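Quick note on the working numbering: the sequence shown kicks off at 4 and runs consecutively.
In short, the hints are calculated from the structure, not lab data.
Here the structure is a predicted model, which is why all the values come from computation and not from measurement.
Hints are supplied without guarantee of correctness; some may be wrong.
What the hints assert, rightly or not - Using 25 Å as the maximum straight-line C-alpha spacing, the simulated DMTMM-like pairs for lysine to aspartate or glutamate come out as follows: (1) K25 x D58; (2) K25 x D75; (3) K96 x D75; (4) K96 x D32; (5) K25 x D76; (6) K28 x D76; (7) K25 x D55; (8) K28 x D58; (9) K28 x D75; (10) K96 x D76.
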Amino acid sequence: MRRHSSAVSRSTPGHRRTHAAKAFKQFIDAGGYGNAAYWHGLSVPPDARFRDSTDRPGPARWQLAAFPSGQDDYPVGGISWYEANAYCRSVGKRLPTVLHWTRAALAPDEMF
4 MRRHSSAVSR STPGHRRTHA AKAFKQFIDA GGYGNAAYWH GLSVPPDARF
54 RDSTDRPGPA RWQLAAFPSG QDDYPVGGIS WYEANAYCRS VGKRLPTVLH
104 WTRAALAPDE MF
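Kindly produce the complete structure, drawing on both the sequences and the hints.
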């Protein structure tokens with residue numbers, strides 16, 4: 004069985020897999036880091052470690068809870084699994100599980 008090696012998206016049609024910095028900024032501005040519903044069941048307190056370089060809630064590489072200039076359409080980087088999970092909950096989605104990744108990696112190319 005051949006493994007998929009190209010950059011072709013295997014997500015469902017119309018479903019974007021990456022989220023731009025501007026979308027994550029909306030999560031921050033809407034109080035996502037302080038909304039307990041998005042962090043429920045996570046063992047790490049959201050405000051304890053998830054701070055930007057100016058000590059505000061946000062990705063570690065951001066400053067003043069804002070993405071670097073000109074990077075509004077870039078994928079979000081410098082976030083933990085916990086932050087990604089909370090963001091997904093805020094938009095009604097969820098992170099893929101190991102089973103999802105395994106299935107995608109081992110599925111025949113013809114399926115996609």
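Hint check:
Proximity of K25 to D58 is assessed by CA-CA distance (about 19 Å); at most 25 Å being required, the pair is judged to hold. Taking the CA atoms of K25 and D75, the gap is about 5 Å. The hint holds against a cut of 25 Å. For the given pair, K96 sits about 21 Å from D75 by alpha-carbon distance, which is consistent with the 25 Å threshold. Our distance criterion of 25 Å between C-alpha atoms is met by K96 and D32, whose separation comes to about 19 Å.
A distance of roughly 7 Å separates the Cα atoms of K25 and D76; the hinted pair therefore holds under the 25 Å criterion. About 11 Å separates the Cα atoms of K28 and D76, which keeps this hinted pair within 25 Å; it holds. At roughly 16 Å between alpha-carbon atoms, K25 and D55 fall within 25 Å of each other, so this suggested pair holds. For the hint linking K28 to D58, the alpha-carbon distance of about 16 Å falls within 25 Å, and the restraint holds.
Distance hint between K28 and D75 is fulfilled; the C-alpha atoms sit about 9 Å from each other, no more than 25 Å. At most 25 Å may separate the alpha-carbon atoms for a hinted pair to count; K96 and D76 meet this at roughly 20 Å.
In this structure, none of the earlier numbered hints is contradicted; all agree with it.
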